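Peer 1: Each chain is listed here by its residues.
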Amino acid sequence: MTIRSFLPRAFLALAALLAVSVLAPAFAQGPLRIGSTVERTLRIDGKRLTLPIGAWTVAADGASEWNDTSLGAYGYLRTVILFRVVDGKLDTVLEVNANVLPTLDGWGMTAACARNDLVLAVIRYRAGWDGSCYFVSHTLMARDTTPIWRRARDFAAQNRLVVPRIMLTAGFRSANRTDVLDVRYHFAGETRGIGVEAADRWKDSAWMAHRLDQDQPRSAFARAVSDWAVGYSGVVDAGLKNRVLTEDPVAMPEAAKANAVIDVVSRRLAELELLRQGGAITQQEFDAQAQSLKEHGLGASSNAPDLATVTAVKALSYRIIVSISHIFVDYYWTGNYVATGALEVLQITINSAKFYLHELGWAKYKGIPRTDAARVIDFKYIGVDV
Amino acid sequence: MPRGPSKGRRMIAGAILAMGLAVAAVSPAAALAVGEKVSGQFAFGAKQIPLPTGTWTVAGLGTQTFRNPDIGAFGTIQSAILFLVRDNTVQAVLEVNGNTIPVNNGWGRTRACTEDSQALLLITRYKTGWETSCQFVRATRFDADTAGPGAWEQARAQAKQGKLTLPKVWLTAGFRVSDRQDIVDARYHLNPTELLGPDASRLVEPSDWAPAVVKGDPLRAGATQAVAAWATGFDAWVQRGLRNQITDAPGPLPRVAAPIAAFEDAKLADLRRLYGEGRISKETYEAQAEIARKEAPEYKPNTALLSNAVQKNISFRSFGTFVDYGIAYVVTASSYVSWGIALTLNATDSVWFVLNDQYWDNYYAKLNTHDSERVIDFVYVGDNGTGAAKEPKA
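Protein chains in written order, with my numbering: chain A, 1 to 386; chain B, 387 to 780.
Warning: the hint list may mix true and false statements.
Example chain A residues on the side facing chain B (calculated, C-beta under 7 Å, incomplete) [unchecked claim]:
(1) Ala73
(2) Trp129
(3) Leu161
(4) Ser219
(5) Glu271
(6) Ser292
(7) Glu295
(8) Val310
(9) Ser317
(10) Thr334
(11) Ala342
(12) Leu346
(13) Ile348
(14) Lys354
Honestly, the hints are just simulated from the structure, not real lab data. Note that the coordinates shown come from a computational prediction; the quantities given were computed from them, not determined experimentally. C-beta atoms are modelled at their ideal positions from N, C-alpha and C, and glycine is treated no differently.
Just need the whole structure built from these sequences, with the hints factored in.
Peer 2: What follows is the structure, given as structure tokens:
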């Protein structure tokens, strides 16, 4: 082989190698190395999460023990736990759960988003096959609730990091037909000048929503986290579709006011403004679309109730109709008011239960098309939050 | 003493400041340019569009004059036309339309995905409240002299300038994928010559590709089958693109002997990769592979002879009658009267059951039915018999 023939081949090989190395990060979906650090973006199997400012250390990355094969072939549910350490202290624990392979029939919402005993719980939109919600509450971190968390705690112990007993959690769930991102930031109060507490039960904590008014530092931080969560939920939603909502660094909650994540409505208004400035849309189109965005905001939940509610409504209306009809039938055959009354009581009680159970069984086993009623899918999480 | 700005002015100033900050934070995506060469996939309105093997040239870019207040703030519908050229002949034209800004309340389906006699293939993967996925194969007539939307006008000027050869009729594989936020309408117009050889040039009318005609010609049937087989695998790529999850290059355009990997094969390959990397156990691999073989979605409308309510009533009555008999016997201790009550209730309650069930099902269906029933069409290149090009109204 001459130099002349070798050079183009070598150049091609080098170009191929370069192409592979450039593309590799996008394809690198393997588990993260424990102890390595991640900054700005966490890539997780076709999804991404923009991280708040700082270095995040990988404490654990592996398969969750949660496994529900009724959802389809999703590979496995991957749990990644990252630590943010400030001045040698554990400041924040980030817990991310995500599917590895896309499914074809949707995921669902987390039950936490529908609770009414939390500091904050907001469902941005919710339907049969997609949803977005977030919540703020506290979590008891002391127990090894999952194997992955045990590994992360071991890592913390090896690095002489103390995991606070109770942390304030901002949780986000974003899901569509194929993917789910469940993101939970657990913030330490201790590193923010908030006193240590020794509550053993979730409901005894000073972070309980109804106790926050009596505790100024906790109340202020809970409010800061809540404000931060409003903007950050857009980051999680964008990450579900492997998008970056903002190129700017995302602040941690305490500094959120100085460098907040711009909320999604403002961002979309800004995108419209850019299109208007670029001549892609007219002033009239801009005005109409901006008005629509301001009026309707983000998201729309399904109006349809869930299966149990529909079944109950059907059972009730059916029972009212047939109970009247039964009076005549029962009296016709017995000719006795007492017997008719006894039959009515038995028919109402036994047949109502029979109707309800049959409806649920029919829906479950006959596989009628799912409606927009959201289902609840919860994974195995760090700590205790009930 | 100087007066400060009024509250209203302060609010306006605040709003302008917020808008300014937001504009500064929103960085426009890298834009395509006419003449640019792309392969594998390209970014289009924060989505990825998959490209079959080859170097594609951006031939036209534009926006659609599409208005629909129901959609919300979508910015504009941007369009791109790409050519795949070999030896001065256009092998394939990609026509793609998509939104520029995500919306919040979904899009809708295309008329091309509704049942009609001219479709050579029509598959609806799913059609729910806020999302749709469907694909079709049909013939489309256009060449360099055919007028069309803005992007096509640029593209055909390029074709004329470059003296490119275009057939008069194309085999179109179309994909419509949308979710709550985004829509991709991608139509890959394939030059039939690539599948049939030079003989294809005598096929100059869409009627030459009518299903009945195709059925009677083994060559055309083979070509259609190849495109259909390719399309049923390629739709997974279009769906991945909607979520920015295209990580490698899709395969080549359809050839009679080389269809792209089917939906389930791609999933099985992913599972094999995970098992090979040691990320899942053998048991998990086997269990999930079993599921993956059956899970390719396809929307199936209810075509049962008996309505769901009637079937349910039969099921309910089949054991309900005995319960009614039992209750009656407990009270009357008479077998004759008990059967009388049970059978009478069987007859009367069945009517109430079906009426009640249908009423509530319809009532809740109206709440559930959302924009998947809405037809959203843009202005497309050529005539494919759906009338969408002539009536670009939602």
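Peer 1: Against each hint, give a clear statement of whether it holds in the structure.
Peer 2: We went through each hint and held it up to the structure:
1. A least Cβ separation of about 4 Å between alanine 73 of chain A and chain B falls short of the 7 Å threshold, and the interface hint therefore holds.
2. The criterion of a C-beta within 7 Å of any C-beta in chain B is met by tryptophan 129 of chain A, whose closest approach is roughly 5 Å, and the hint holds.
3. A least Cβ separation of about 27 Å between leucine 161 of chain A and chain B goes past the 7 Å threshold, and the interface hint is therefore violated.
4. Checking serine 219 of chain A against chain B: minimum C-beta separation of about 26 Å lies over 7 Å; hint violated.
5. For glutamate 271 of chain A, the interface hint holds, the least distance from its beta-carbon to any beta-carbon of chain B being 5 Å, beneath 7 Å.
6. Proximity of serine 292 of chain A to chain B holds as hinted, the smallest CB-CB distance being about 5 Å (cut-off 7 Å).
7. Taking 7 Å as the C-beta cut-off, the interface hint given for glutamate 295 of chain A is violated, the closest approach to chain B being about 9 Å.
8. Taking 7 Å as the C-beta contact cut-off toward chain B, the hint placing valine 310 of chain A at the interface holds, the least distance being around 6 Å.
9. Taken as an interface hint, serine 317 of chain A checks out: its beta carbon lies about 6 Å from the nearest beta carbon of chain B, inside 7 Å.
10. Interface restraint check for threonine 334 of chain A: the shortest CB-CB distance to chain B comes to about 6 Å, inside 7 Å, so the restraint holds.
11. With a least beta-carbon distance of about 5 Å to chain B, the hint placing alanine 342 of chain A at the interface is held under the 7 Å criterion.
12. Taking 7 Å as the C-beta cut-off, the interface hint given for leucine 346 of chain A holds, the closest approach to chain B being about 5 Å.
13. Given the 7 Å rule on beta carbons, the hint for isoleucine 348 of chain A is violated: about 10 Å separates it from the nearest Cβ of chain B.
14. Taking 7 Å as the C-beta contact cut-off toward chain B, the hint placing lysine 354 of chain A at the interface holds, the least distance being around 6 Å.
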